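Asker: Take the sequences, apply the hints, and build the full model.
In this text, residue positions in the sequence shown follow our numbering: the first is 1, and each later residue adds one.
By construction, these hints were calculated from the structure, which means they are not laboratory data.
Bear in mind the structure is a predicted one, so any value in this text is a computation, not a measurement.
You may find that some hints are simply not true.
Unchecked claim - Capping the alpha-carbon separation at 25 Å, the derived lysine-lysine pairs in BS3-like fashion look like this:
(1) Lys145 - Lys103
(2) Lys145 - Lys132
(3) Lys121 - Lys132
(4) Lys34 - Lys80
(5) Lys145 - Lys34
(6) Lys145 - Lys121
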Amino acid sequence: MNKKILAILALLIVAISIGAVSAFDLSDIFGGAKNETVTIDGVDFNIPDGFEVDPSNTLDNMMEPLKKGGAQISSKAYLKDNDAIGLFVVNVTNGLTNEQALKAMGGNETTINNVTGYTVKDDNITMFNFEKNDRIVVISSTDEKLIGDFLIA
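Answerer: Below is the structure:
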């Protein structure tokens, strides 16, 4: 065969191989985690592999009295084994600024994954409160180490 034909054939094989590999998610081959992104009232959250939406909607039930009081709160809860996490996005409607509301919520100033906010610990729950997209975001968890896994800076 002609050397030019062999060279073109070799380039075609390489191009097809690259295309075939890029068509697959390498995490499928190597068993990597599959995270998803969820948006709550304009704020994106990372949902780590294995976490499932809480089927009992406990957060919605807990937020109902606050919503009746005029607060605009969107929330979702996720569970994995013994770990639970709540994601809350609050639109402050009572005349306070977000900064004033965050200060009223209290906590220690903390930075997690390049997001600065306030950490509040209460019994077995840790809350991380911060402002994003003109909303107050609260991530609460039974395991403080998980909070950073849900943050998207």
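Asker: Would you mind marking each hint as holding or not holding in the structure?
Answerer: Verification of the supplied hints:
no. : hint            : result
1   : Lys145 - Lys103 : holds, 23 Å
2   : Lys145 - Lys132 : holds, 21 Å
3   : Lys121 - Lys132 : holds, 21 Å
4   : Lys34 - Lys80   : holds, 14 Å
5   : Lys145 - Lys34  : holds, 19 Å
6   : Lys145 - Lys121 : holds, 13 Å
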